[in-house]
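Chemist: What follows is each chain in one-letter form.
Protein chains: 2
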Amino acid sequence: MCQLLGLNANTPTDLVFSFTGFAHRAVEHRDGFGIAFFEGAGLRLFVDHQSAAESPVAAMIRHYPIRSRHIVTHIRKATQGRVALENTHPFVRELWGRYWVFAHNGNLVDYHPKLHASFHPVGDTDSERAFCWLMQELAKNHARMPSIPDLTQTLAELAPQIARHGTFNFLLSQGEALWAHCTTQLHYVLRRHPFADAQLQDADLTVDFAEHTTPQDRVAVIVTEPLTTNETWVALAPGELAVFVDGDRLG
Amino acid sequence: MCQLLGLNANTPTDLVFSFTGFAHRAVEHRDGFGIAFFEGAGLRLFVDHQSAAESPVAAMIRHYPIRSRHIVTHIRKATQGRVALENTHPFVRELWGRYWVFAHNGNLVDYHPKLHASFHPVGDTDSERAFCWLMQELAKNHARMPSIPDLTQTLAELAPQIARHGTFNFLLSQGEALWAHCTTQLHYVLRRHPFADAQLQDADLTVDFAEHTTPQDRVAVIVTEPLTTNETWVALAPGELAVFVDGDRLG
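Chains as they are written, first to last, in UniProt numbering: chain A, 1 to 251; chain B, 1 to 251.
Derived from the structure by calculation, the hints contain no laboratory data. Computed from a predicted model, the values in this text were never measured in an experiment. Heads up, a few of these hints could be off.
Note that identical chains are pooled: a pair holds if it fits in a single copy or bridges any two copies.
Said to hold, decoys possible - Computed cross-link-like contacts, SDA-like style, restricted to lysine to any residue with a CA-CA straight-line distance of at most 25 Å:
hint : residue 1 : residue 2
1    : Lys114    : Thr167
2    : Lys114    : Pro146
3    : Lys140    : Ala117
4    : Lys114    : Tyr99
Please construct the entire structure, taking both the sequences and the accompanying hints into account.
Modeler: Here you go:
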């Protein structure tokens with residue numbers, strides 16, 4: 001099972017939730033899932049905290065033609081916080097006139113940051129607290145949207161302060177770049193024309209790549225566990241922060 | 001056609017989008033629609049800027065079992081702003097650890113408020129600018145979530161400053177109260193057990209009331225145009241701000 005999946009591409013890419021694995025695990029009744037994807041500056045968020053076997057949202061998005069350059073998905077096993085809609089990743093906030101999307105895999109122990117500014121959690125997860133603190137500190141460090149390298153530098157200073165409290169694998173996107181931070185487990189692959197396989201998949205989701213790609217097409221896929229065995233998946237190191245733009249890794 | 005519909009109830013109420021009227025108007029290709037509803041503190045937002053005849057979101061939510069105590073819906077005829085996902089109502093922001101939902105009917109001329117704090121529009125509509133300014137000023141007036149009467153008083157001071165720029169019928173909710181501000185056209189009905197009809201409907205949506213209600217059940221429905229002829233719909237006066245809690249009007 002893939003807890004986190006992020007996609008950053010220079011051309012809209014199809015994603016399908018199959019939920020096959022979900023259905024098998026439905027006896028647990030504790031999985032939640034969420035998918036956020038940008039359409040231009042606009043954002044769609046489909047989340048549910050019910051078992052995918054019973055969720056009407058799951059039934060809907062199985063047939064929804066998701067097609068985006070910026071996707072963040074999360075499959076949740078509740079560690080902290082009640083199983084409730086407001087605790088389901090990804091979380092969304094607006095900053096500098098852009099929507100920001102955040103999904104976290106891990107567990108932060110005794111993490112109660114000082115949230116004295118404009119971002120407060122609606123639910124009661126460690127993850128949403130971490131997201132609010134990141135947004136607060138980004139806003140404090142930059143008066144308006146800075147460059148991607150500047151944002152990356154600030155995030156690289158902030159992330160370790162949270163990671164000190166536990167496992168902090170996360171994906172973050174504002175519809176232009178995708179940041180991936182690893183403390184235990186996160187892998188990425190950079191795909192270029194011609195793609196080795198038309199699909200990437202596990203039991204829960206399928207990423208469909210155009211059958212006829214152009215030489216310019218590039219897609220970065222970031223996941224908890226590699227989805228193929230015949231490609232070069234790069235494991236992020238503990239404490240590493242990677243940033244992806246236009247389907248490529250920066251820096 | 002009903003541009004705005006808000007619902008505030010003391011018991012979860014069913015809402016169905018039929019989109020029949022939408023389908024008839026599909027030739028215009030300029031309608032967008034949006035529905036936001038709370039499930040506890042959590043919020044679901046389904047919006048689309050495509051014609052409902054073609055929208056996969058419309059197809060989905062026709063079958064989605066919406067059941068909520070706090071609903072804000074909007075059917076859009078674009079007046080300002082491109083027809084784009086980021087310009088589609090309702091808009092959502094977080095303030096004081098709650099999600100706030102806003103939908104506007106009308107047109108604000110030359111409205112460019114000073115947005116110097118934590119709320120900035122993602123799209124380019126007058127409506128989202130007005131919402132951001134309301135959030136900014138609420139945050140300025142209150143350090144944390146005040147009482148409903150205090151919030152109402154602040155909103156009553158803020159709304160006229162925006163309404164000066166044009167037509168400003170709006171619905172606003174944070175999942176506890178629903179505020180309705182009228183400059184031209186907004187009607188409400190308070191329904192109590194036993195409900196006169198099991199349904200309220202127009203060409204685009206149907207509100208389904210439980211067939212067997214309890215004597216405690218109360219629902220307030222606020223719309224642009226009355227949905228029935230055999231009930232007492234109250235027209236809000238120009239400049240009037242009404243607030244609804246637990247299916248009843250306050251004050």
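Chemist: Take the hints in turn and mark each one as holding or not.
Modeler: A quick look at each hint next to the structure:
1. Lys114 with Thr167: within (19 Å within a copy, 41 Å between copies)
2. Lys114 with Pro146: both (24 Å within a copy, 21 Å between copies)
3. Lys140 with Ala117: Both: 9 Å inside a chain and 12 Å across chains, each within 25 Å.
4. Lys114 with Tyr99: This pair counts as both: shortest intra-copy Cα distance 22 Å, inter-copy 20 Å.
Of the numbered hints listed earlier, not one is contradicted by the structure.
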